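Undergrad: Start counting the sequence shown at 1; every next residue gets the next number (UniProt numbering).
Calculated directly from the structure, the hints in this document are not laboratory data.
Remember, predicted model here, so these are calculated numbers, not experimental data.
All C-beta atoms in this analysis are idealised placements derived from N, C-alpha and C, irrespective of residue type, glycine included.
Hints are not guaranteed to be accurate.
Said to hold, decoys possible - Straight-line Cα separation of at most 20 Å, PhoX-like style, residue types lysine-lysine; simulated pairs: (1) Lys63 x Lys188; (2) Lys50 x Lys120; (3) Lys225 x Lys188; (4) Lys54 x Lys26; (5) Lys120 x Lys137; (6) Lys54 x Lys120; (7) Lys188 x Lys120.
Unchecked claim - Across the chosen pairs, the derived CB separations fall in these ranges: (8) Asp97 x Asp197: 41 to 51 Å; (9) Leu217 x Arg32: 16 to 26 Å; (10) Gln191 x Lys54: 12 to 22 Å; (11) Tyr164 x Lys225: 39 to 49 Å; (12) Val74 x Asn150: 26 to 36 Å; (13) Thr159 x Arg222: 15 to 25 Å; (14) Glu14 x Ser68: 36 to 46 Å; (15) Ser94 x Lys54: 37 to 47 Å; (16) Arg110 x Glu14: 23 to 33 Å; (17) Cys183 x Arg110: 17 to 27 Å.
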Amino acid sequence: MIQAIYDEMWERFEKSIVSNQYEIDKNINSSRDLRRGITALSYLNENSLKTTEKICAFTEEIKEIEPSLYVQPVNEIHLTILSIISCVDGFTLSSIDENRYMEVFQESMRTAEPITIQFKGISASPSCIVIQGYSDKDRLNELRDSLRNNFRDAGLHYTFDTRYKLTTAHSTVVRFSNEINNCPQLLKFCQENRERDFGRVELSSFDLVYNDWYQSLGNTIRLSKYSAMAI
1 MIQAIYDEMW
11 ERFEKSIVSN
21 QYEIDKNINS
31 SRDLRRGITA
41 LSYLNENSLK
51 TTEKICAFTE
61 EIKEIEPSLY
71 VQPVNEIHLT
81 ILSIISCVDG
91 FTLSSIDENR
101 YMEVFQESMR
111 TAEPITIQFK
121 GISASPSCIV
131 IQGYSDKDRL
141 NELRDSLRNN
151 FRDAGLHYTF
161 DTRYKLTTAH
171 STVVRFSNEI
181 NNCPQLLKFC
191 QENRERDFGR
201 VELSSFDLVY
211 NDWYQSLGNT
221 IRLSKYSAMA
231 I
């Protein structure tokens, strides 16, 4: 099922690049973009420097081809565990009880099984390029379900699953922030790296954050951190 999602994304990416109908995201780095939300995530550089370095080597190669595209900074590369409250314009922390969200997050993490992610291959959409991730024994989705159930049971506001149910383990690393100068060359490079291996990551560090749409650290407030030393 997960591979089918990545493959469907890839097909849409190829069609959009070939037809020159890819989507340019004009909101990146815009001070007028006030979309904010609450997310449980894991920063890759806090879990595996080796895999993070491999991903950065890949994005550096893309920058050589298309230097105007937006590349996720190394310390912002992450895996979304679950978007608790999806980013909406004007959402602020004052509208929720931060402590209750932190408590539910910590409770969920304490009962989580060890999670290993294999990052292998790339996919893309008409607006971005992602690293494909695969969770060992589906434990990532087990954690997601635990978070969903616990936030529901706590009676807290949430918006997860309103657009779609998150099941993949991808990490978005490049966004089409400007016009692509050489679509054929970018497509060829992506095709050549479709099966590129970025390594395995044992997740041991997790955060609950108040964030913008792009998970920019400049707009991020860490609400809670969980470190699983036994993983």
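Undergrad: Now look at each hint and say whether the structure bears it out.
TA: Hint check:
1. Lys63 x Lys188: 14 Å, holds
2. Lys50 x Lys120: Given that 20 Å is the threshold and the Cα spacing comes to 14 Å, the pair holds.
3. Lys225 x Lys188: Measuring from Cα to Cα gives roughly 40 Å; hence the hint is violated.
4. Lys54 x Lys26: Measuring from Cα to Cα gives roughly 28 Å; hence the hint is violated.
5. Lys120 x Lys137: 16 Å, holds
6. Lys54 x Lys120: It holds: about 11 Å lies between the C-alpha atoms, which stays within 20 Å.
7. Lys188 x Lys120: OK: Lys188 and Lys120 at ~18 Å, within 20 Å.
8. Asp97 x Asp197: 41 to 51 Å: For Asp197 against Asp97, whose Cβ atoms are near 43 Å apart, the range 41 to 51 Å holds.
9. Leu217 x Arg32: 16 to 26 Å: 19 Å, holds
10. Gln191 x Lys54: 12 to 22 Å: 19 Å, holds
11. Tyr164 x Lys225: 39 to 49 Å: 27 Å, violated
12. Val74 x Asn150: 26 to 36 Å: Distance hint for Val74, Asn150 holds at roughly 31 Å.
13. Thr159 x Arg222: 15 to 25 Å: The hint (15 to 25 Å, Cβ to Cβ) holds, given that Thr159 and Arg222 are roughly 20 Å apart.
14. Glu14 x Ser68: 36 to 46 Å: With a Cβ separation near 21 Å, Glu14 and Ser68 fall outside 36 to 46 Å, so the hint is violated.
15. Ser94 x Lys54: 37 to 47 Å: 40 Å, holds
16. Arg110 x Glu14: 23 to 33 Å: Because 43 Å falls outside the window, the suggested range is violated.
17. Cys183 x Arg110: 17 to 27 Å: Cβ of Cys183 to Cβ of Arg110: about 48 Å, so the range 17 to 27 Å is violated.
In this structure, the earlier hints numbered 3, 4, 11, 14, 16 and 17 are contradicted, and the remaining ones agree with it.
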